[in-house]
Amino acid sequence: MRIFRIIQRRVHSVLRRSRADAELQREIEIHIHELTRQAIAEGMSEAEARARAFREFGAIERTKEECRDARGVNRVQDFTQDLRYGFRILRKSPGFSAVAVLTLALGIGVNTAMFSIVDAVLLRSLPYRDPNQLALMFNVPLKRPDALAGISYRDFTEYRSHNRVFSEMAGNTFHDLTLTGAGEPLIVNTADVTPEIFPLLNAKPLAGRTLLPEDGKQGAAAVAVVSENLWRSRFGSNPALIGQSIVLDMRPFTVVGILPAAFRYPEGAPQQDVWISVLQDPLFGPLTSQPRVRLLGVIGRLKPGISLTKAQAGMNTLSARLAKEFSAEDSGLTIRIESYREAVVGNVKSVLLILLSAVGLLLLMACANIANLLLSKATSREREIAMRIALGASRARIVRQLLAESVLLALLGGLAGVLLACSAVWTLQPFLPSDLTRISSIHVGGPVLAFALSLSFAAALAFGLAPALLAAPSNLQTSMREGGERTGQRGGQHVRSFLAIGEISLAMVLLVAGGLLIRSLALVTSVNPGFDPRNVTEAEVSLPQFQYSKPRQWTAFSGELMARLQAQPGLHDSAMAAPLPMDRQGQATFEFSIVGNAPLPRGKSTTANYSTVSPDYFHVMRIPLLRGRFFSRQDSPSNPKVAIISETLARRYFPNQNPIGREMRFGFPPDSNVSREIVGVVGDVRDVALSQKPGPIMYVPFAQAPLYGGEVVVRSSLSTSSVAAAIRQQVHSIDKALPVTDVEPFPNALGQSISRERFRTFLLGSFSAMALVLAALGIFGVVSYSTSQRTREIGIRVALGAHPRDVLRLILGQGAKLALLGLGIGAVFALLLTRFMASQLYGVSATDPLTFGAVAFILFGVSVTACYIPARRALRVDPIVALRCQ
Amino acid sequence: MPKPSDLLQGTLDLLILKTIARKPLHGWGIAKRIQALSGDALSVGQGSLYPALHRLENQGWICAKWQDSDLGRPAKVYSLTSEGRKQLERELKSWNRLSSAVQLLIQSA
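Going down the list, the protein sequences come from chains E and R. Start counting the first sequence at 158; every next residue gets the next number (this note's numbering). Start counting the second sequence at 609; every next residue gets the next number (this note's numbering).
Everything labelled a hint here was simulated from the structure, so no lab data went into it. For glycine and all other residues, C-beta sits at the position ideal for the given N, C-alpha and C. Any given hint could turn out to be false.
As the list claims (entries may be wrong) - Taking lysine-lysine and the BS3-like style, the derived pairs with C-alpha atoms no more than 27 Å apart in a straight line are:
#: 1; chain 1: E; residue 1: Lys850; chain 2: E; residue 2: Lys506
#: 2; chain 1: R; residue 1: Lys640; chain 2: E; residue 2: Lys221
#: 3; chain 1: E; residue 1: Lys221; chain 2: R; residue 2: Lys684
#: 4; chain 1: E; residue 1: Lys374; chain 2: E; residue 2: Lys460
#: 5; chain 1: R; residue 1: Lys626; chain 2: R; residue 2: Lys684
#: 6; chain 1: R; residue 1: Lys673; chain 2: E; residue 2: Lys221
#: 7; chain 1: R; residue 1: Lys701; chain 2: R; residue 2: Lys631
#: 8; chain 1: E; residue 1: Lys761; chain 2: E; residue 2: Lys850
#: 9; chain 1: R; residue 1: Lys701; chain 2: R; residue 2: Lys626
#: 10; chain 1: R; residue 1: Lys626; chain 2: E; residue 2: Lys221
#: 11; chain 1: R; residue 1: Lys631; chain 2: E; residue 2: Lys221
#: 12; chain 1: R; residue 1: Lys673; chain 2: R; residue 2: Lys631
#: 13; chain 1: R; residue 1: Lys673; chain 2: R; residue 2: Lys694
#: 14; chain 1: R; residue 1: Lys694; chain 2: R; residue 2: Lys626
#: 15; chain 1: R; residue 1: Lys694; chain 2: R; residue 2: Lys640
Stated by the list, open to error - Quick list of the computed label-pair ranges, beta carbon to beta carbon:
#: 16; chain 1: R; residue 1: Ser690; chain 2: E; residue 2: Lys249; range: 48 to 56 Å
#: 17; chain 1: E; residue 1: Asp178; chain 2: R; residue 2: Arg681; range: 17 to 25 Å
#: 18; chain 1: E; residue 1: Phe236; chain 2: R; residue 2: Arg681; range: 30 to 38 Å
#: 19; chain 1: R; residue 1: Arg681; chain 2: E; residue 2: Glu205; range: 19 to 27 Å
Using the sequences plus the hints, can you model the full thing?
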């Protein structure tokens, strides 16, 4: 209540300020009148009495000012006045204002843009109900808790019905199916799910229904839920689609519902078109009965009040029971539970935090620059300020006024910064790596604007406070007398030098970080992947499994396609493989055992990546043969099963032995126990990522281990488009209903695989470039200001016969000293900070001396060059003018 | 410019409150009364009285009204509010505590 009355009074007094001032004036007049009367009564003349009254009363204007302060009017009133006045001042020096606002806009802009990404990826809540209750589950070997694997359908049903920590649990996997009968054949990204996933994620259909528990039972009718996008693009938004049937892989499914376009799971995943029960999937359906095949990703919703640790403990008990009960498949396995949020954003978190700190440093530098500018300005305004103090302004009042100017600057800069951020987010969107989850939802919204606004005020404080405090002089007389040329300067110069040193050290930190990333990107891109991607075009062909249900058909199809392609002019170098290195769908990893070796201890296994390839694959990809032979057309289904292994596999598992002629057992699930004779050893290939060292790989002939499709690779001097057209034409000459997708030059696909590295390097690289410019501007400002202050001194030196070289050395020396100090401090900070990004680096250590050296050299060079301009100007000064100038 | 220390400022507030607690007074009257009561020892810089008055008014402890006065013309007359009366009691209490503490210190020193 009292607060309310105070506010009321304040508002009242603001509104009636002129009346309040008049009353105050009258009150003081009465007082002075009485004082005078008293003095006259004591026998003074009227003039004397009046003079004494004024003396006794003290400074009238100051009293009035203090009264206004006491009333609290001034706070509000002064602030608007200060803003108006500040605006006038800014308009009076448009050059300064433009530089300051632009610098600030840059600082706030990059911060806001970065924050909008962080907001979208890390902060904004996930689009599911109570997302913190969501957890993912993986099977892991007891010995290697990091080797995450899926969960078999049988174990999933066990976990789901016997656990006491999850209120609901659902499984999912993905499969590309071919949609026919609705225009051109189309590959649709199909989510194979258990029906619980819809209530678990609170997915509400646009029309119809989602899958019901009955739909997930063995022997249920085949039903499907389609996405809004597919419904609109392929079925003309026809509401009658519900109840009709669509054909997936040549098999009819009845559409029961349509899900809104916004729904997808996991949310960072590519657009999903169709949802069906995993039991209905042509490939995975039959595999659900095989407890060795761990094909399901499993998500659960924790019961209220159950923590992740509690859930982990509960599930441990359950999985230990399963390991005993189903020891054939599950011994040596346990379960690992991860928070869904952590799993989704975990791997981008560190990169984003690094980038966010980088832009934070940039903003600090921008603030330091503006503080420098303001300091120089404030010094030249010292006389004006001294005058205002003499007229009764308190020191606090002056500081407030200067701060108001800073706030005005910051708000203008913030506004420009937000515009910059909007355009940056808009421009950068297409270049963002696709694995930054929820990328489509990045926009400059409420929280981001609030962030930008608070950033502006923080910046205003950061760059406005020191100049404002320094500008209000404590010794009035000297300021008045000397006209603001000498006083306050010592302190000011120190602060300025300190700011410049700070800026250079911040720039050093950013440049080192940027340099390390650039170097590691250069190393990654120049790394030899083990094959030659140039002039290779890839395309994906996939066979609908209801029509092509037998492996024999797959073999026949690939043989036919290869024969037809290779007969085309210029397409002789054609092959097929599944998967390719850096395949978007990931690599296949299988356990293997070596025939003749002692069996591995329980719970231990050896694994290698697996690829099934046509005979010419190694030749087309230019993967060198090290021993033995390549596959040939003789390696047909009827001949003995063979395999080729990579150099790493040979070295690691056949140390000092000749692997040729030995046998290994491995394979795609139905064939997992088939033994194959090793006929060749080929060079290593980086198949997971360019930045990952090659692991062991086993190759099998496509004819002996066919798949329902694969990747066609063609090495040709023809253009990609004509190669693509030829592949399409040949595929369709065999079967018109077969889709050919993802046709692109292989180097593009490689580029995709490092898009994230490239993106963050691009960002951090541009931030370092900005830092370099800001640091150069900073040191330029300091040195040129101090040079202009020393014009007279330089004039005297020149008049006394100093050589231009000496003057040059004097000024450059000052800059060099600042630069070296900054470099030293920056190097220490960089050493301390860059180890946090060690995990992001490839092939270069976080303390790489070459990077540190090069950065220091560049930064020093740029700093000294920035000082050269004021130095030249000082040299051109005519000593006579210089001596007269003060 | 020298600022009155917090102690002095607090003392001035106390004096003003105490003075107008007896009867409402205008600024000139308050100044005279403080001067007379303290025997000129505590004579305040006359100008600094007014900011103090305005501050107290702003706090809601005193209120002011222009009315006819003994000066022969209307003057701004200050009187204590009920909040001000409470504040005066609080200030008196803490003042008494402080002065007796100082007294004790001086005696035992």
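- prompt: Does Lys631/R lie within 27 Å of Lys701/R when you go C-alpha to C-alpha?
  reply: 21 Å, holds
query: Does the alpha-carbon distance linking Lys631/R and Lys221/E stay inside the 27 Å limit?
result: 26 Å, holds
query: Are Lys374/E and Lys460/E close enough, with their CA atoms no more than 27 Å apart?
result: 25 Å, holds
message: Between the alpha carbons of Lys626/R and Lys221/E, is the straight-line distance 27 Å or under?
response: 24 Å, holds
query: Within a Cα-Cα threshold of 27 Å, do Lys850/E and Lys506/E meet the stated pairing?
result: 23 Å, holds
task: Indicate whether the distance between the beta carbons of Ser690/R and Lys249/E respects the range 48 to 56 Å.
output: 52 Å, holds
message: Hinted pair, alpha-carbon criterion (27 Å max): Lys640/R, Lys221/E. Please report holds or violated.
response: Distance of about 20 Å is within 27 Å: holds.
message: I want to verify a distance hint. Is the separation of the beta carbons of Arg681/R and Glu205/E within 19 to 27 Å?
response: 24 Å, holds
- prompt: Are Lys673/R and Lys631/R close enough, with their CA atoms no more than 27 Å apart?
  reply: 13 Å, holds
query: Taken at face value, is the distance from the CA of Lys850/E to the CA of Lys761/E at most 27 Å?
result: Status holds; Cα separation ~23 Å.
- prompt: Quick one, are Lys694/R and Lys640/R close enough, alpha carbons at most 27 Å?
  reply: 25 Å, holds
message: Would the hint linking Lys221/E and Lys684/R be met if the CA-CA limit is 27 Å?
response: Since the Cα atoms of Lys221/E and Lys684/R sit roughly 16 Å apart, the hinted pair holds (cutoff 27 Å).
Checked against the numbered hints given earlier, the structure satisfies every one of them.
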